[in-house]
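Protein chains in written order, with our numbering: chain X, 1 to 459; chain L, 1001 to 1263.
Hint data in this document are derived by calculation from the structure and do not stem from the laboratory. One or more hints might be untrue.
As the list claims (entries may be wrong) - Here are some of the chain L residues that sit facing chain X, going by a computed Cβ distance under 8 Å:
#1 Q1151
#2 G1158
#3 R1234
#4 G1235
It should be emphasised that the depicted structure is a prediction, and the values quoted were computed from it without experimental measurement. Beta carbons: idealized from backbone N, C-alpha and C, even for Gly.
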Amino acid sequence: MRYVVVGLSYRTAPVELRERMAVADDRVRESLARIKESRAVDEAMMIATCNRVEVYAVAGDPLAATKTLSDHLSTLADRQLDGELYRLVDDEAVQHIFRVTASLDSMVVGEAQITGQIKDAFAVARQTQSVRGQLGSCLARAFAVSKRVRNETGIARHPASISSVAVELAGRIFEDLASVSVLVVGAGEMAELAVRHLVSDGARRIHVTNRSAERAAKLAAEFEATAIDWDKLEQELEWADIVITSTASPEPIITRKMLSRVMRARKQRPVFIVDIAVPRDVEAKARRLSNVYLFAIDDLEKAVAENLSARRKEAKVAERIVEHEVAQFRNWQRKQQAAPLIKELRRRFSEIAHGEAERAARSLKLEAAAQRQALDRMAEAIVSKLLHVPLVEIKRSVAEGEASDLAEAVMRLFKIELAAEDLSAMAATDADGDVDADSGTGDAAAPHEEALVGAKETR
Amino acid sequence: MSNTLQLITLGLYALASVAYIAHLVARGDKSREAARIALAVALLGHFASIGVQCSGGFHPLTGTSGLLSLIAFILCVAFLAGTFRWKLGSLGAAMALLAFGLLLAARLAQGKEPPVAQAVLFLKRMHLTLVALGVSAFALAAGVAVLYLVQNAALKGGRVGGERRGPAITTLDTLGRRLVMVGFPVFTLAVITGVLWMLKAGGSGGFRLEYGFAGIVWLIFAVLIGGRLTVGLRGRSAALLTLAGFGFTAVVLLIYVGRRVIA
């Protein structure tokens, strides 16, 4: 069985197309049911977010699977997709799954949301019973890799959005956001986003003021906050620890003079002001006042840019971790594929050895259980010693991707018959080298097909 | 035994300093942890050294040497405790080097203490204990003030990218205030016991430079506390005053120790 990924993302498709395809869980379930009906894939899961729509699958015939999945995604898009889709097989597919889960392929590298979205998609696929062992083990490894990347690199350490930078800055000024008071001046979308972040980080006491009392009341209701009269702005500033301003006022509404009065009244208690408005709501000169920490949108954007650059540096380390993990996973998977043969070989030898030990015990008229057990242990020891070198050799050849010739020889020598799917798994391991070279995007379909045909002929 | 332990402790502080300097270069979690362990081991050695001194019947606070050793010990314990709450690794090198320097000065001052009459021995020990506690509190407040000023400058200057390090500035301000609030009355008592000691000892020697500086220290911290309680003096101004206060404290200590070392 081979891993297959077919999908599109913000790298290959415009936002209009992605929006159309970012379907809810119900439609994902329907899609998975339809993919299963096609019988081209054995296991599948689908991730549909605003930045990517992808199907991760396990299939015996990757070519047929990529075609079916491409057709299915075209149906979802309501038009024929071609250049927008990428089609990945085997190691490239596994690597892609690992990279996406570790947030290395995200628009904002290192954002944590994608890992949660993949976990959700995996849960939906499990509910519909469209994933089993093979895809399950790949996803389990992907989650472990994602965790490792987060623990061993600083990829997620630096906030990478305006609102998260604002919250992070608040944390540099106030230790505990639960004990601070927040004043929201204006009811714009950015202010709402920043407040949402602050609330999720523990901020509780929130006041909202706006020229339109109605809009203030609406935003206040959303966060269980208190709406305040616009006229009481200066009075409110004396109380607030964090001020978020985002009005559409063409003139600054908070002047240096006003803030100077406010600071005296509040006995120089520090205040953190995030001015997201353009043009600015707070006079830039106010920044010079002691204990006033004023940040405009430009400052926050600069911080975001610095943090993103730091994340990109960390991403290079993370890519090396992913590469290593893909190789580890491949080796593990190959060893798993050799397991049925090894198990059967051992069973066959044990059966013969124990049969002979039993016969010897009878002819020697051994009655004592201890003597029979000793004979059994000797038989088992001979089997282990005889099989040691062949088994090591089988495992080595599987790990190096040369399984099928040796497996065939072993099966012929000892007349072992394996189930069809075990056989094809071994053969796929052997074909990996050829496929790796050519698998990739849809453009490489022809040489990829040749490689697969070649592999089948070998079998 | 005591002498060997002191030398070992000195070596351990040197090792901790090297570990923290290495952490400044490596900047990793592992290097920080290794440096912290090195400092903890040095502290254990230091504790054992003081313990052996005590069990040998020698009071650790009979002179300048014991005073410096105790200050180093208190500072490192407080720093180590702080590292469990905040990432203070970048301050570790300064702290370990300071402890090393204090212990080195303690060794140099050893045995050069002028004889003290039995009648004033208790007062002297009391004075030295209070000085050790007061100076340690001021030193910690100064360290916190430095952290505050660095963080404040970064925030005011818009250098806000990267990862948050250390405590929030309001926490630093509160911590600095509390340390000064604790240190000031202790230091005041130290001054009083010092004066009593000198008076009881016969008031010999007349006015010394360090007395004047000690008065300045007292005045600066009094202004700081008064300002905090009345007009809401805080933040950068408070941090700068704390540093000024500690600066003069260090001068007093240097003159005091210098006299013993040169003698």
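Against the structure, the hints come out as follows:
no.: 1; hint: Q1151; in the structure: holds (7 Å)
no.: 2; hint: G1158; in the structure: holds (5 Å)
no.: 3; hint: R1234; in the structure: holds (5 Å)
no.: 4; hint: G1235; in the structure: holds (5 Å)
Of the numbered hints listed earlier, not one is contradicted by the structure.
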